[in-house]
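S.K.: Below, each chain spelled out in residue letters.
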Amino acid sequence: MSERISVAKTYKLYVGGAFPRSESGRVYPVADSRGTFLANAALASRKDARDAVVAARKAFAGWSAATAYNRGQVLYRVAELLEGRREQFVAEVSAAEGAQTRRAQSIVDAAIDRWVWYAGWTDKLAAVLGSANPVAGPYFCFTTPEPTGVVAVLAPQRSSLLGLVSAVAPVIATGNTCVVVASQDRPLPAITLSEVLATSDVPGGVVNVLTGRTAELAPWLAAHADVNALDLTGAPEAQRVELERAAAGTVKRVLRTPTTEPDWSAQPDLGRLRAFVEAKTVWHPVGV
Amino acid sequence: MTNAPDANDSALASPAGSAGSTGATGAPGSSPWEYAPAPESRDIAGLKPNYWMLVDGQFVEGTGEPLKTVNPATEEVLAEVSTAGPADVDKAVKAARRAYERVWGRMPGAERAKYIFRIARLIQERARELAVLETLDNGKPIRESRDVDVPTAAAHFFYHAGWADKLGYAGYGPDPRPLGVAGQVIPWNFPLLMAAWKIAPALACGNTVVLKPAETTPLTALVLGEICQQADLPPGVVNILPGAGDVGAELVNHPGVNKVAFTGSTEVGKLIQRSVAGTGKKLTLELGGKAANIVFDDAPLDQAVEGIVNGIFFNQGHVCCAGSRLLVQESVAEELLDKLHRRVATLRLGDPLDKNTDIGAINSAEQLAKITELAASGEAEGARRWSSPCALPDKGFFFAPTVFSDVHQAMRIAREEIFGPVLSVLTFRTPDEAVAKANNTPYGLSAGVWTDKGSRILWLAQRMRAGVVWANTFNRFDPSAPFGGYQESGFGREGGRTGLEAYLDV
Amino acid sequence: MAAPSTTSSAASPDTPGTGPLPPALTDAVRDEASLRRFLFGLPGVDQVGVEQRAAGLATRSIKKAAKLWAIDTAISMVDLTTLEGADTPGKVRSLCAKARRPDPDYPDVPRVAAVCVYPDLVETAVAELAGTGVGVASVATAFPSGRANRRVKLADTELAVRAGATEVDMVIDRGAFLSGRYGQVFEEIQAVKAACVREHGPDAHLKVILETGELATYDNVRRASWLALLAGGDFIKTSTGKVSPAATLPVTHVMLQAVHDWHRLTGQLRGVKPAGGIRTTKDAVRYLVAVHEVAGPEWLSPHLFRFGASSLLNDLLMQRRTQLEGHYSGPDYVTVD
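If you read the sequences in order, they're chains H, U and F.
Count the first sequence with UniProt numbering and you get residues 1 to 288, in order.
Count the second sequence with UniProt numbering and you get residues 1 to 506, in order.
Count the third sequence with UniProt numbering and you get residues 1 to 337, in order.
In case anyone wonders, no lab produced these hints; they're calculated from the structure.
Model, not experiment: these values are computed from the prediction.
Note that CB positions come from ideal geometry on N, CA and C, so glycine has one too.
Some clues are possibly wrong.
[To be verified] Distance condition first, Cα-Cα at most 27 Å in a straight line; then the derived BS3-like pairs of lysine-lysine:
#, chain 1, residue 1, chain 2, residue 2
1, F, Lys64, U, Lys395
2, U, Lys355, F, Lys67
3, H, Lys124, U, Lys166
4, U, Lys355, F, Lys91
5, U, Lys437, H, Lys58
6, H, Lys58, H, Lys47
7, U, Lys370, U, Lys453
8, F, Lys242, U, Lys355
9, U, Lys395, F, Lys63
10, F, Lys63, U, Lys355
11, H, Lys47, U, Lys395
12, H, Lys9, H, Lys47
[Claimed, not checked] Take a look, some chain H residues computed to stay more than 12 Å from chain U by CB distance:
#, residue
13, Thr10
14, Val27
15, Gly72
16, Gln100
17, Phe142
18, Glu146
19, Val277
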């Protein structure tokens, strides 16, 4: 009895709701934690990054204008789909991070729960971060948080799913769109997440996932004039200063994190939700 | 002139004669209606020949090259101000560190609050002096320094004093911690008010401060330092270092600084963001703008005219959030421009100390040259220039209020921040076009919208990529209302609960 | 509804008075619906904005020499008013004496513009003021409420005109205005205007009292101003003085803006009269600043601006003495009438 030959998956980029190969035609081998070959992932180029930014910008108007309730439902639907793919994620996280199955299961569960947590924030954040301002004059004045725009997320290098989800979910929960550079050596859970997003109700372009060398892609994103913010979480340590400087060229908001990854299983605070919102204050006279 | 009653001639029965003919007592000249020069006395400013920097609770002479600060309305030297050298910056930061670690950072919020309340009160008590001094040093009309700058500065201290013992309720966790030493660099357009915007929240959150006022306007900040002394603020909690950009750079780059706050040009803001990269210093930037002021055809036109005037001519247009691009719906453009020209022609330009003056002096010869150059580019690029026929004083740096019409997005005057009394008028046809044009800028500090239709205001407010949207009003500021920009207008907010984040380790 | 009568002889551009309407405005008064559309097509007034502008202008101060000029101008603009149930011929006679010569110690003080009385006392005032150049204004049309049959209102007006009133201060029907019957208000003003016609001699000038305190919003003040101008009012006047609030600076701003805009559109100069609550020289000067800045310098004339007031005159006289004598004056040095 010969074993059945499995159908291997081709891992591609996720840009604008589609799964293109890198325009460069390049791939790179992805191995598991023991060094065994798993797959060839697309090795994204600066042009792929450029296309991803275009897709993210295009999606921004619709996603940021969606009602918070709608965004919450769409994101919750993603959690439902994640749950359905639980076993696949467990296998991929286990392979990528070298975690035992039990541990990988708890990571995946935490990632799904994290997604649910952020999905629930969409229609509460304005009440928590916003304000009615008691100005000294005949004006009604209020402040609401609004999405910053297109965020470049350099995803955590070690935590391939829980870290990824912890970085991406708050960005899109607040109405931003993003270009995510997946963990360089552990990109497969990110690509599977793309497949989940593609089959969910999240509009194409809201999340764009690039696989490849973070150090190659990050400078292009950091300097890109149509990117509004940069999450440095997965940036190579040696490159961080350079990236921050590049980001200064268009006054990007930069989320600076410690170079060692945090314990992603810890309950997050509002920090990542606050990082990519703009407070908008509106004044209007009160009169008859 | 006599007032002999004409028989059978009631006042109404004859056509309007010269207004002067009704006066009995010799109307002065052909135009009897003259506003008094009603100048505030410059003595009230209590000008001193020399000003020193404030370090560790003492006014001391700095090691930098002293600068002469000039009254831009007369070009006369007001005082000599000693500036900080690198060693002084180090001394000030160390003093601030000591004060933070030993006193201020540990002090219960309720105690900090009382110091800050004292400062607020002292500003109110010395309001007149501060207003006159501000007008002398900056060139802004006394009406504005008296009615806006100084009272709003006091209000910022009042507002933030109250936060000092309530930070646990601000939404940043139960016991948010301060950052440490804040290095703050402020511009010359609102010298005292910007100092208040910077110092008040920093102190309320438990930080200590090293502040560098602008090179051309150091005086009111130094008087604020004196007020800190009068309030018995512990030494080192607030340090004030006059000087030019090099002192600012030294401060921003000092390793002992935990937080950098800058208000000024986008160009310098980018440099600062670059220079603090990798240091972990928390940074907030409040930079330039090119705000659109959008007027729809159903707007309350007369108040819109007032708002446009206030939007661009307030503080000679030296306002980062100035409504420098007027976007007017084509169907009312002609009517609005007519009203606008007429109104602008009534603006009184001249001695800033005169209470009747609307437009004061441009802060420096350098800024005047920049405005002049940009205005010339507007003409060269084909925009139609109209300037108020007001007379300009012989001395001092003045620029007549100017309105450019037939401006297009591609022109420099529609894209670059002029930071002067120059308005660019563009037209639009539909709300979508208005939004597209308004947002077509790398800046995003403020925007204005004028319409009587409530739903349109909210529609537009949602779409403006700007941190402050003024609807049917413009240039309103309040310590409880967060202020700050999108995109290249900077990040972080000042004011309100939101503004506390900039000075907390969260 | 017909276009307003063009009885005034002063119909040429840039002169006070009424005249033929330009085509755009003829259309506005074609029928009730057109009038309504026109009034609702006027730009709105933002309360906070107009009040801030008024408060901002109120901080202007004027030159000492100009101040004396301003005081005299203000005196010459006063419609010296008594509108009490207790008014008698004696009271009116003493008021007229004051109007002719406001300050006996200073004969160069200008006379006031007019004396304003109830219709039954017009005859007394006319007799007292004959040949002095001081006008006689009569309130009419069931002042102050205006709640009477139109026939009564017109009779009220005709009798006042017949008794020699040179000016008629009518009240609009605020009830009709607030319930949206603009055509009715318009026609009534026209009818009163017609009743001001004098066969021999000049017509009485018509001031239309809007009673802004009852109109509640600045939008209404602007609409009522235009309505009155369209119907041929020579002046628009804020208040009867019997309703609080009476004249305010921001309301006067809105009305000054209306006559300014009217002039831009038609070339005709119409006047504004704030009435009630203006008691001090400081107040009066603030109004004059508003006249200068909002309407324009040419309105600084009794032909185009009046104060409806009684106690204001004495304060103006005291301040005038202060200016001339260099020390503060007191109420015993001006006459109480």
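S.K.: Please work out if Lys63 of chain F and Lys355 of chain U have their alpha carbons no farther apart than 27 Å.
M.R.: 12 Å, holds
S.K.: Quick one: work out the minimum CB distance from Phe142 of chain H to chain U and report holds if it exceeds 12 Å, violated otherwise.
M.R.: 9 Å, violated
S.K.: Is Lys437 of chain U close enough to Lys58 of chain H, meaning Cα to Cα at most 27 Å?
M.R.: 18 Å, holds
S.K.: Does Lys63 of chain F lie within 27 Å of Lys395 of chain U when you go C-alpha to C-alpha?
M.R.: Between Lys395 of chain U and Lys63 of chain F the Cα gap is close to 23 Å, so the pair holds against 27 Å.
S.K.: Would the hint linking Lys355 of chain U and Lys67 of chain F be met if the CA-CA limit is 27 Å?
M.R.: 16 Å, holds
S.K.: Could you let me know if the closest chain U CB is still more than 12 Å away from the CB of Val27 of chain H?
M.R.: 33 Å, holds
S.K.: Since Glu146 of chain H was said not to touch the interface, does its Cβ keep a gap of more than 12 Å from each Cβ of chain U?
M.R.: 8 Å, violated
S.K.: Compare the distance between the alpha carbons of Lys370 of chain U and Lys453 of chain U with 27 Å, and conclude whether the hinted pair is satisfied.
M.R.: Violated, at about 39 Å.
S.K.: Verify this label for me: Gly72 of chain H is non-interface relative to chain U, using a Cβ-Cβ cutoff of 12 Å.
M.R.: Label holds. Min Cβ-Cβ 19 Å, cutoff 12 Å.
S.K.: Below or equal to 27 Å on CA atoms is what counts here, so check Lys355 of chain U against Lys91 of chain F.
M.R.: 44 Å, violated
S.K.: Does the no-contact call for Thr10 of chain H survive, Cβ to all of chain U over 12 Å?
M.R.: 39 Å, holds
S.K.: Checking one constraint from the list: CA of Lys242 of chain F to CA of Lys355 of chain U, max 27 Å. Satisfied?
M.R.: 36 Å, violated
Of the numbered hints listed earlier, those contradicted by the structure are 4, 7, 8, 11, 17, 18 and 19.
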